[in-house]
Structures are given as structure tokens and as C-alpha cells.
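Residues in the sequence shown are numbered consecutively from 4, following this note's numbering.
Rather than coming from a laboratory, the hints here were simulated on the basis of the structure. Check each hint, because a few of them may be wrong.
Stated by the list, open to error - Quick list of the computed label-pair ranges, beta carbon to beta carbon:
#: 1; residue 1: N197; residue 2: N306; range: 37 to 47 Å
#: 2; residue 1: T60; residue 2: N306; range: 19 to 29 Å
#: 3; residue 1: I115; residue 2: I246; range: 36 to 46 Å
#: 4; residue 1: A12; residue 2: G193; range: 49 to 59 Å
#: 5; residue 1: S120; residue 2: L51; range: 50 to 60 Å
#: 6; residue 1: K243; residue 2: C121; range: 48 to 58 Å
#: 7; residue 1: G130; residue 2: Q61; range: 33 to 43 Å
#: 8; residue 1: T45; residue 2: N181; range: 13 to 23 Å
#: 9; residue 1: Q96; residue 2: G193; range: 29 to 39 Å
#: 10; residue 1: S55; residue 2: P201; range: 18 to 28 Å
#: 11; residue 1: R163; residue 2: P201; range: 47 to 57 Å
#: 12; residue 1: G193; residue 2: K26; range: 43 to 53 Å
#: 13; residue 1: M187; residue 2: N81; range: 35 to 45 Å
#: 14; residue 1: R163; residue 2: G130; range: 48 to 58 Å
As the list claims (entries may be wrong) - Straight line, CA to CA, 25 Å or less: simulated DMTMM-like cross-link-like pairs of lysine to aspartate or glutamate:
#: 15; residue 1: K243; residue 2: D27
#: 16; residue 1: K74; residue 2: E38
#: 17; residue 1: K116; residue 2: E356
#: 18; residue 1: K116; residue 2: E136
Ideal Cβ placement from N, Cα and C applies to all residues, glycine included.
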Amino acid sequence: MHDTRLLAAALSMVDQPVAVSKKDRIAFMNTGAIELAGRDLTGKPTALLIPSYIMNTQADNFAATAFIGTKNCSVKVNSFEGTRFYVMVCNEQSPDDREALYTSLRTTLSNIKFATSCVSIIAEDEGNEKLLEYVCSLNRSYYRMKRVLSNVTALNAMARGQMPFNAEAVDVTALCKNMIDEVMSLGDIGVTINFNAPERIRIVADRMLLQQLLLNLLSNSIDHCPHNGRVYVSLLRTDKNLILSVDDSGDGIPQEELSYAFERYKHEADLTKPQGAGMGLAVVRGIAELHKGAVIIESRGENMGTSVRVMLSLDIPMGTKKMSAQRPDYDRENLRLILSEMSYCLPLECFSELMED
């Protein structure tokens, strides 16, 4: 009893919403959690507060997205001796209003791409291998910057509720297999990607957004895997959802970083290697939520890999469209989408002008 009172006193001083459950019942909620839920659920079933897919996840430590009460949240889960702690962070991201700046950067990028193509023609005519190598480097930088700007555009559209969404019947098995095959065909990316799924799984979804989501997850896994590491992609259809899982043998996510894994710009910068701007998982989360789904991230420990599960609802009507804003400026061609989304992990030779042609 003394320990319970001590825990309640400590958690009452925490600003973030925190709930504690034991034996599938809420044992404690601090003031923030009560306000988020709209009522005090102490003593009630945990399922009244926490979605079943989070409760059914067996990992001791993981992060997930969820609607708590009426708000969109990230939920960090920790377990200890049969007790579970839920720390909830409301995600009310406001759009970035520097659109004029981004428009100027896109124009500049287009000019850089045009100039790079011109230099490539000259280098090929002269047989200048060193200059062609510089062309590859310029192209890679172009796609890295393009990815950042595209992610900003997507997150802004999501924050405003204006993200274009075009629902159609999609064979997700074929989509995943084709994207993985194309990635593996580009060159030695240093890892092996294994894919396991039923022969044909069709759902109603936005094809382009699913490609973006998959490539984003693959890029994260490849970037954090050692040379000769492995990435496992699988699909599982349940009664209500399609679950896309991406597991890797990489370095994992530190437990202290799991709580803000879905927030933009929050990751620790590693100056020893090139990396993105920390928006990838935020975009993945947004795409999942557009499909009435959620994301769960489990890091199994240092150098033991990361597991990401994306749940996509099967309850999306055919022909659903939201056309209140233009799409993010991703190219429709698969190759250019791959070059953009995976620009931090593909080898330099993938960015030659000949590859695009």
C-alpha cells in the first residue's frame, strides 16, 4: 500500500498524462490523464482508455499511436512485474507556415536538377569519369533535399486536414513485392530484404501513399542495419486490419527516444553519417491515420533491431477522395520515388543520369 501511495504521489506531479494498469484494470490516473480521457477511470477496465491493439502487444517497452478520448496521441508503454505504465503525449502539430520559403527552395532545386543534367551530358561526351561521379553526388543531394521538402509538404497538409487521398483497390502483396524488387535491383544496399505475405491481399487504399510509407520504413531499417544485415517485411490480414510489419537486425531505438519517435525533428543528430530531418516516422504515422490505422514501434534493445507494425483499416469505402490540396511533389514514377525516399541509404552509383533514363 505504501508503494502504491508513493507511486501515485510521484505521478501526480508529472505534467504529461500518465495511467497505470494492473490485471487489465486502471490502477491510477494522474490529472492529465483524467482530463485527456474526460473522466476518471480508476478501477475501470483498461480497455475503456487504451485501444486493444496496444493492450494486446506483449512487449515490455514500445511506442504506439492512438486516439485517447478525442485526441490523437503517442503512447509510450513500459511494463514491470505485471504493472503497465502508459505515458500519453497529445499530438496537435500545427502546420509550418513558411510555404513561400519552401516554394522558393523547390524552384531552386529544379534549377539545380536542370544544371546537373546539362553537366552530365558534357561529362558523357568528354568521357570524364570524375565529373560523372560529381554528377551522381549532386543528384543524390538533390533527392535528399527533395525528400525533406516533400515530407514538410505532406506533414503540413496532414496538419491542415488537406492531405490528398485517393482510395482504390490495391493488391498490397504485389505493391510490396514490386517495390522491394526494384530497391534490390538498384545495386548493393548492404542488407537482404525478405518478404513474406499471402499471394494476394487486396484492400481499399491510396496506392501512392502506401508506396511512400513502405519506402520510408525500408529506408529507416536499412540505414540502421549493419552491413549484411537483414530486413523482414510481412503482411497479415485480420478481421479489421491489414498489418504491415517491418523488422530489422539493426541497432534499435534507445528506450529514452521511443516516447518521441513519431515527432518531427526530435531525433538525436548523428554527425558521423548523413541523415534526414527526423520527419519520416511522422509521415508514416500520418499515412496510417489517413487509412484509419495506427503504428506500433518496438525496439528490442541495443543492437537487437526494431519492429514496426502499421495497421491499415479494411473499412475504407471505394472511391474515397480528398482533393482539397495538391499532392506532395513526389514523382509518380517508382524509380524517382525510390531515389527520393531512400536517398540516404542507396549507393552513389544509383544517382547517375543514366539510371533515371
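Now for the hints, and whether the structure bears them out:
The hinted range of 37 to 47 Å is not satisfied by N197 and N306, whose Cβ atoms lie roughly 19 Å apart. T60 and N306 have their C-beta atoms about 22 Å apart, which keeps the hinted 19 to 29 Å range intact. Remark: the range hint 36 to 46 Å for I115 to I246 is upheld by a beta-carbon distance near 40 Å. A hinted range of 49 to 59 Å holds for the C-beta pair A12 and G193, which are about 50 Å apart.
Distance hint check: the CB atoms of S120 and L51 are about 59 Å apart, consistent with the given range 50 to 60 Å. For K243 paired with C121, a C-beta distance near 53 Å keeps the hint of 48 to 58 Å intact. Separated by about 59 Å at the C-beta atoms, G130 and Q61 break the suggested range of 33 to 43 Å. Range check, T45 to N181: Cβ separation about 50 Å, and the 13 to 23 Å hint is violated.
Checked against the given bound of 29 to 39 Å, the beta carbons of Q96 and G193, roughly 33 Å apart, stay inside it. Hint check: S55 to P201, Cβ distance near 23 Å, so the stated range 18 to 28 Å holds. Taking the beta carbon of each, R163 and P201 are about 37 Å apart, not inside 47 to 57 Å as hinted. For the hinted restraint 43 to 53 Å between G193 and K26, the CB-CB distance of approximately 46 Å keeps it satisfied.
At roughly 37 Å, the beta carbons of M187 and N81 sit within the given window of 35 to 45 Å. R163 and G130 have their C-beta atoms about 50 Å apart, which keeps the hinted 48 to 58 Å range intact. Taking the CA atoms of K243 and D27, the gap is about 22 Å. The hint holds against a cut of 25 Å. Between the alpha carbons of K74 and E38 the distance comes to roughly 11 Å, so the proposed pair stays at or under 25 Å and holds.
Pair hint K116 plus E356 holds up; C-alpha atoms about 10 Å apart against a cutoff of 25 Å. Straight-line distance between C-alpha atoms of K116 and E136 comes to about 15 Å, which keeps the hinted pair within the 25 Å bound.
Of the numbered hints given earlier, the model fails hints 1, 7, 8 and 11; all others are met.
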